[in-house]
Amino acid sequence: MHIVTSAMTVPENVVTNDQLAEIMPTSDEWIRTRTGIRERHIATAESNYSLGLSVSQQLLANANLDATQLDFIIVATMSPDYATPGEANRIQAAIGASSAFAFNINVACSGFVYAMHLADKLLQNGHYGIVIGSEVLSRLVDWQDRSTAVLFGDGSGGVLLKGDEAAAPVVDLLSLGDTDLSLKAGGEGKYFAMNGRAVYQFAIREVPNSIQRVLTQAEMVPDQIDWVLLHQANARIIESVAKKLQLPPERFLQNIADFGNTSAASIPMLLHQAIQAHTIQRGQQLVLSGFGGGLSVGTMLLRY
Amino acid sequence: MTNSEVFNKVRDIIADQLDQEPESVQLTTNFKQDLAADSLDIFEIINEIEDQFDVQIDTDEPIETVNDLVEFITAKA
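Top to bottom, those sequences are chains A and B. Note that our numbering has the first sequence beginning at 13, numbered continuously upward. Note that our numbering has the second sequence beginning at -19, numbered continuously upward.
What the hints contain is simulated information worked out from the structure, not anything from laboratory work. Please read all numbers here as calculations on a predicted model, not as lab measurements. C-beta: ideal position from N, C-alpha, C; glycine also. Don't take every hint at face value.
Using C-beta positions, here's what the derived DEER-type ranges look like [claimed, not checked]:
no.: 1; chain 1: A; residue 1: Pro260; chain 2: B; residue 2: Glu30; range: 25 to 35 Å
no.: 2; chain 1: A; residue 1: Met36; chain 2: B; residue 2: Leu7; range: 33 to 43 Å
no.: 3; chain 1: A; residue 1: Ala57; chain 2: B; residue 2: Ala55; range: 48 to 58 Å
no.: 4; chain 1: B; residue 1: Gln32; chain 2: A; residue 2: Ala105; range: 53 to 63 Å
no.: 5; chain 1: B; residue 1: Asp18; chain 2: A; residue 2: Asp235; range: 24 to 34 Å
no.: 6; chain 1: B; residue 1: Ser4; chain 2: A; residue 2: Pro97; range: 32 to 42 Å
no.: 7; chain 1: B; residue 1: Lys12; chain 2: A; residue 2: Ser111; range: 55 to 65 Å
no.: 8; chain 1: A; residue 1: Thr191; chain 2: B; residue 2: Lys56; range: 21 to 31 Å
no.: 9; chain 1: A; residue 1: Pro260; chain 2: B; residue 2: Ala(-5); range: 13 to 23 Å
no.: 10; chain 1: A; residue 1: Met232; chain 2: B; residue 2: Asp18; range: 53 to 63 Å
no.: 11; chain 1: A; residue 1: Thr80; chain 2: B; residue 2: Asp34; range: 55 to 65 Å
In the DMTMM-like style, the derived pairs of lysine to aspartate or glutamate whose C-alpha atoms are separated by at most 20 Å in a straight line are [unchecked claim]:
no.: 12; chain 1: A; residue 1: Lys256; chain 2: B; residue 2: Asp31
no.: 13; chain 1: A; residue 1: Lys256; chain 2: B; residue 2: Asp21
no.: 14; chain 1: A; residue 1: Lys255; chain 2: B; residue 2: Asp(-8)
no.: 15; chain 1: A; residue 1: Lys255; chain 2: B; residue 2: Asp(-1)
no.: 16; chain 1: A; residue 1: Lys255; chain 2: B; residue 2: Asp31
no.: 17; chain 1: A; residue 1: Lys255; chain 2: A; residue 2: Asp238
no.: 18; chain 1: A; residue 1: Lys256; chain 2: B; residue 2: Glu28
no.: 19; chain 1: A; residue 1: Lys256; chain 2: B; residue 2: Asp(-1)
no.: 20; chain 1: A; residue 1: Lys255; chain 2: B; residue 2: Glu41
no.: 21; chain 1: A; residue 1: Lys256; chain 2: B; residue 2: Asp(-4)
Some but not every residue of chain B turned toward chain A, in silico, with C-beta under 8 Å [as the list claims (entries may be wrong)]:
no.: 22; residue: Asp(-1)
no.: 23; residue: Leu20
no.: 24; residue: Phe23
no.: 25; residue: Glu24
no.: 26; residue: Asn27
Working from the sequences, and respecting the hints, build out all of it.
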């Protein structure tokens, strides 16, 4: 499969670190040095569905494709508007994708990569499908809890994919089942709750291992990767992974400063911006790696 | 491994992680005050130490000085 085009949509309302410092004991300096985040977009009038719908409409318009040509729509999200109907289903109806089946999946911050892997398995040669990562995490955040409130943002990104005869992208999908519930949201507590140390150590240990496994399977060395697109959880994690893989940090794309941690939306948003900026060129080798709740990791080697 | 061998290895891990000269890392060195290391730096150092010494540093006790780390490792050995 290959990416035909990409798109993203974020809520209009921007909340800066200074604005957060007005409502909780934190500071711009603390947030920036610990996480790399400067500001994030927070939904007010927007819903997960409206963000995802906007992405879908842009994808079809960019590719000049009729919705009836889509085989499927997959939305990766951990913050759906409803338990049912899912965003994917509502989008399917709204855009008139009369031939498409549609479903949401939830693998938290690994969701987009898992959805891309599914899409690769579902796509027939010459056929089309949409994969979106879309989140309104602000509704899962306890705005009194500075340990989590500063981290998360809302947004949506996606790609239009076409099936082709290229070899399936190499993937590594890992589940570590979170017995201690070190990263949870929803459920009885409703809000995000995280054992920061356990989650940080999981990420800096497992992500480089996962990327290494993909490279070994692809018979490649790290230096052959053009760009690494990690889930934008924390700039310090990204730096640590770069160091572990002995790759220059410039090869690790980042936009966490502007959007915070947008879970399943973070990779497609980053991908779209880099494509738009012509940073990512056709033919280049990309490593996408999502990681987080589950605890899960999903890594994919993809040629753009 | 002797205490001083443990210290040498820990010192090198810390120096590498924090981009410091090994000489600036002593047993009494305080991570936050002397090395300007924050909690995330300490998590990374612990990770490296767990991997290299094959130990689990499962503690809620704060790790404030290099000596705290060395004591942990020697207690587990």
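(request) Give me the numbers of the hints this structure contradicts, sorted from smallest to largest. (result) Structure breaks hints 6, 10, 20 and 22.
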